[in-house]
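In order, the protein sequence lines correspond to chains A, B and C. So in the numbering used here, spot 74 of the first sequence is number 74, and the numbers just go up one at a time. So in the numbering used here, spot 835 of the second sequence is number 835, and the numbers just go up one at a time. So in the numbering used here, spot 33 of the third sequence is number 33, and the numbers just go up one at a time.
For the record, the hints were derived by calculation from the structure and aren't laboratory data. One or more hints might be untrue.
[To be verified] Subject to a maximum C-alpha distance of 25 Å in a straight line, what follows is the list of computed SDA-like cross-link-like pairs (lysine to any residue): (1) A/96 / B/708; (2) B/666 / B/708; (3) A/96 / A/83; (4) B/680 / A/57; (5) B/738 / A/48; (6) B/870 / C/37; (7) B/384 / B/2.
[To be verified] Here are the in silico distance ranges between beta carbons for each label pair: (8) A/137 / B/447: 33 to 41 Å; (9) B/772 / C/39: 48 to 56 Å; (10) C/19 / B/534: 51 to 59 Å.
We put the CB at the ideal spot given by N, CA and C, even for glycine.
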Amino acid sequence: MSDLTLARPGLDVVAPANLGAIIETMPLRGMVSLRGDLTDAGFAAALDAATGCSVPDTRRTSENGDTRVLWMSPDELMIFCAYDKTNDVVAAFMEKAGDAHVLAVNASDARAVFLVSGEKADCVLAKGAPVDIAAMEVGEVRRTRIATVAVGLAKTADDAYEVFCFRSYGAYMWNWLTVAAGVESLLDL
Amino acid sequence: MTRLPEGGLLIDRSAPVSFTFDGKTYQGLMGDTLASALFANGVKLVNRSYKYHRPRGVVTSGPEEPNALVNLGTGDRHEPNIRMTQIELFDGLTAQSQNRYPSLAFDVGVLNAAASKLYPAGFYYKTFIHPRHAWKYVFEPVIRRIAGLGRAPTEADPDTYEHFYAFCDVLVAGGGAAGLLAARRAGEAGEKVMLVEQTERLGGRLLVDDDAEIEGKSAREWVAEQVAALEAMENVTIRLRTCVSAAYDHGYTMLYERRADHAQNPDGPRHRLWRVRTKRIIGATGMIERPIPFYGNDVPGVMLASAVRDYVKLWGVSPGKRTVIYTTNDDGYRTAITLYEAGKTVAAILDSRADPAGLLVERAREAGIRIMPSTGIGKVEGGKGGVLAIKPVPLDKGDVAPLGQSIVCDCVAMAGGWSPVVHLYSHSGGKVRWDADRAMYVPDTDNPPRDGQGEAFVEMVGGASGALTMDAVLEGLPVTVASEQPAMPVWSTPSEGKVAMGGKHFLDYQNDVTVADIRLAAREGFESVEHAKRYTTLGMATDQGKLSNINGHAILADALGKAMPEVGTTTFRPPYTPISMGVIAGQERGSLFKPVRHTAMHDWHTGQGAEFEPVGDWYRPYRYQQGGEGRNASITREIKRVRDSVGLLDASTLGKIIVRGPDAGKFLDLMYTNMMSTLKPGKCRYGLMLNDNGFLMDDGVVARLDDATFLCHTTSGGADRVHAWMEEWLQTEWFDIKVFTANITEQYTQIAVAGPNARKLLEKLDGDIDLSADALPFMGFAEGTLAGCPVRVFRISFSGELSFEVATPTSYGLSFWETLMRIGEDLDVGPYGTEALHVLRAEKGFIVVGDETDGTVTPHDVGMSWAVSKKKEDFIGKRAMQRADLTREGRKQLVGLLTEDPKLVLPDGAHALSADGKRTIGHVTSTYMSPTLGRSIAMALIEGGASKMGQTMTIGIDRKTNAKAVVSSPVFYDKEGARQNV
Amino acid sequence: MLLITCPSCGVEAEETEFAPGGEAHIVRADVASSDDDFSTYLFDRKNPRGVHFERWRHAFGCGKWFHMARHTHTLEIFGTYGARETAPPQDILDRIVERTEA
Ligand SMILES: [Zn+2]
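Put together the whole structure using the sequences plus the hints.
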């Protein structure tokens, strides 16, 4: 009944030839928006109970197997986990957190995620994000904008970046990224 | 053909290239510019001037060119005002001269020149002020026909463009001697360096003026060695054909890369805009040679001396067979020597100085070239065919001096001295100062551009700092070069009696500004450079006065009897040279111009004939067209379906914000006018949100999910604003309030199921939710599963009908929607768009924030005092609503309007008139034809409206027509609310 | 275009990632305030040609508000500090004195 593949609506372009970078849409993944006092031991314990991950450093990621935790702001984290485990993660976190003042909410359907990879992946993003992309480190998370759309960038490997934005912007972002990767200009960057 | 038998560093004599200029086909060579190729074909007349339509030729060899602008390309690749001197030739290039009618050789605008005494400075301001309407209908069309530059393109540009963000420690602007040295030093120090050069070659003047010996090597060897060293450094990036267009605050710079304007690189984006953040800028932008004002200095063939030798040495072409050089310094002699060595005749060197001496002068003398000291050019003879001769004039005999014997020549080379290119220094706040000894504006190192820490971040080096000779440019390196004697600048040359005052000594070629214009401006009281510039248009053309500004300032200073620094200098503003419109947009054009937001059902809507309307970035279905029906037919059909059976609205765009914490109720009591803390879990309440001024800013339904958690709905497009508003108060004012928020708008697809059959439809779905009125009453909500989808069902209504808003995770949204459509077929279910929604809510008198409100409207003004809690101690807007203006009598109040003619739909925004018809006392905020009532309805904000019930108002329709309408309650339909509460 | 360091996430980013929020350290006039006091709170702003304490939000980044001391003419930034500070910290005041009297 449910449609678990991310829609790529209205695409009038196909993924461009690989001129140094490949753009892919990522399948739905579980996401939990977490807010609380990140320095609190109880918060860390609840996060550990729910994910097995530690509280990441500022603008960094922690991980445990397929589960990752991204630092979003001084009082906000984002959990990436298996889509069908999301409610369990929320429940486990809330149970361990007890009466603590925290917020955990399933946000698995709210965002689109793209993977930009390849030797010139950083150049694709540098066409729209006012960020020194090439200077990012693996495991680093950077919230910024591409064109005028708010995005999160997570560097997952030497030549790979995840780009996530609100889902309604997904078609626009796909088109934007494929145009940036599709022009032959990557060859001279 | 004037191509020299040998020489030409940049051209490939084995690679001929064919191109077209003004419809005629010519041959050039790979490596030529359009300018050098036209010289090689003997073409001297390339343009007509802007105001007087005088024949003009190429003056320079670079981006400072004022005359040789062309329309480049044809059809959708047509582009106006491109400098020939920067166009690298390619096979098939097509260009057309500008500003001539009907042709370059025969131009009717020349009449302007004949009547030029009628066109002094300020002519346009003085003449065309009255009568005003004549400007639009007579003067402007005529002037546009004969004046103006290139034609604007008429077709969409097929090329692509892009932006690119880059970061570095040092940005070196300019790849000449000073730039190469600066880049090498920074690179060796391990800094991240970007070296950019506006032409396609590195080396700058060293490629032409190769008489210097640097570090024991020839100039060209030294350049090659620097380039090789830089290319080997990983921390150094070199980009050619890239100009530093602008230097802004805190090291933000814009580079304009002409990436595919030449034959070698036709694929990919045409231009690229680099947005570089650099810690430091080293401006190695060199110098531009100055022309000399004299009578007839705009005849084709009169050129900068440095440009003449550039054409000889770089492109193997001599602009003249017989050249006269008019110089104020030793450097002009380099041109003489170059021409002599290329086998061309130098008819004479006219030198402003009484006693020219030095190595370069001696070399010219040894070559047998006639040198005339203390002499200038009194007059140039010639016309559209070019220079025919000059007449010399003594410079030491006063303003009106007898002219000497004609000297026959076909080219005049002006060496008026050099101006440092200080633009980048000026762009971001640095000051320049007048250096009287060297007669130039130089960067004032006491007042540099400063970065965010207050530190100087732009340093000008080499020529751009005022260094006139190669040993000064490469300070610190062993350089052997001819020493030069001081220059003697000439700001205006005497000419023969009658024409002395009126004759045209051009300063600004592109805008046709003369010495006489500046003197007139001074006489008329324009004493500041900034005023004189605007009055005469000096330096205001596309070349921004690169050649003309300094001469113009000197003339003004002279006319006013002041020193140069006293008349001030102008501020240089970006871009350094014009950049394309396409590169400003980058790749964000067409479908990428502006982000659009789609809901999960977007493609479904499209498939059902939806016409969309933008709401913020969202695209929402406005109506669904069936067959060939018109707009009104669609909207009426959709409204009737909701009133009679059941319709579906994609309400996913409504904002959804989770507010959670022990103080959540207390916080929402402050955010909303209503009391939210008393809301019971499982219940909903409609809330109003005010700003600090007491005016409505948003509204929506708040649901209490549990004791600590609320879900706040906002208007479509209001989610980000309201979320930011909540966070602002939590972060900056009430940080003791224990609340966290999360914007989960996009987590859910939300579908309004509205109409008398709404319950019947939902009850057909498999599920575990009791939808009966008892179990799920109006303003209640329930959670569970419907049709296999996890859902939250809210009993809320914006249509006045029995209505359920169902929220399901976005990934389920489309399938849930399609299930409703399929299962509801026997109930004639169908979608309705935002226009039907607006009519439905207007029939019920429900406001829309942004329609009934405009940032000056309180809840009391729109009859919603019931939503303003009187019990709460404080909420945002409470104190403001007590201010005198918000409590006074006679404020505009929301009313309904029923026109006397029920078929007349009032125009949106129509004004309501006072009884005497003299004053506007309100306006229409929403107006529709109501299919339910079979007549038009409108809502309006009218002064004292609540006390005018039943009165007939006059509403202005247009200038001539008024309509009558009766003031009523804004609730037109089902006043008791019986239909939604079943 | 300014280059701003967000004190919440430590990122140094260009101005387009941020949203300005006007003058800092304005005390909200409460519900019992006089008309004059409330009007001052709503409308009176300094708008100096010189040092200005102002509010910014890292809108495209971590979303947090913070304070910034900036010279409105030279655009020099003397420092950024947390949104909860009710007055500029001493080290920023010292730097302003040092920089503006130099
Ligand atoms: Zn931040």
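How the hints compare with the structure:
1. A/96 / B/708: holds, 17 Å
2. B/666 / B/708: holds, 11 Å
3. A/96 / A/83: holds, 21 Å
4. B/680 / A/57: Answer violated: residue 680 of chain B to residue 57 of chain A is near 39 Å, above 25 Å.
5. B/738 / A/48: holds, 23 Å
6. B/870 / C/37: Status holds; Cα separation ~23 Å.
7. B/384 / B/2: holds, 18 Å
8. A/137 / B/447: 33 to 41 Å: About 40 Å separates the Cβ atoms of residue 137 of chain A and residue 447 of chain B, which means 33 to 41 Å holds.
9. B/772 / C/39: 48 to 56 Å: Between residue 772 of chain B and residue 39 of chain C, where Cβ atoms are some 53 Å apart, the hint holds.
10. C/19 / B/534: 51 to 59 Å: violated, 36 Å
In the structure shown, a violation is registered for the earlier hints numbered 4, 10, in ascending order.
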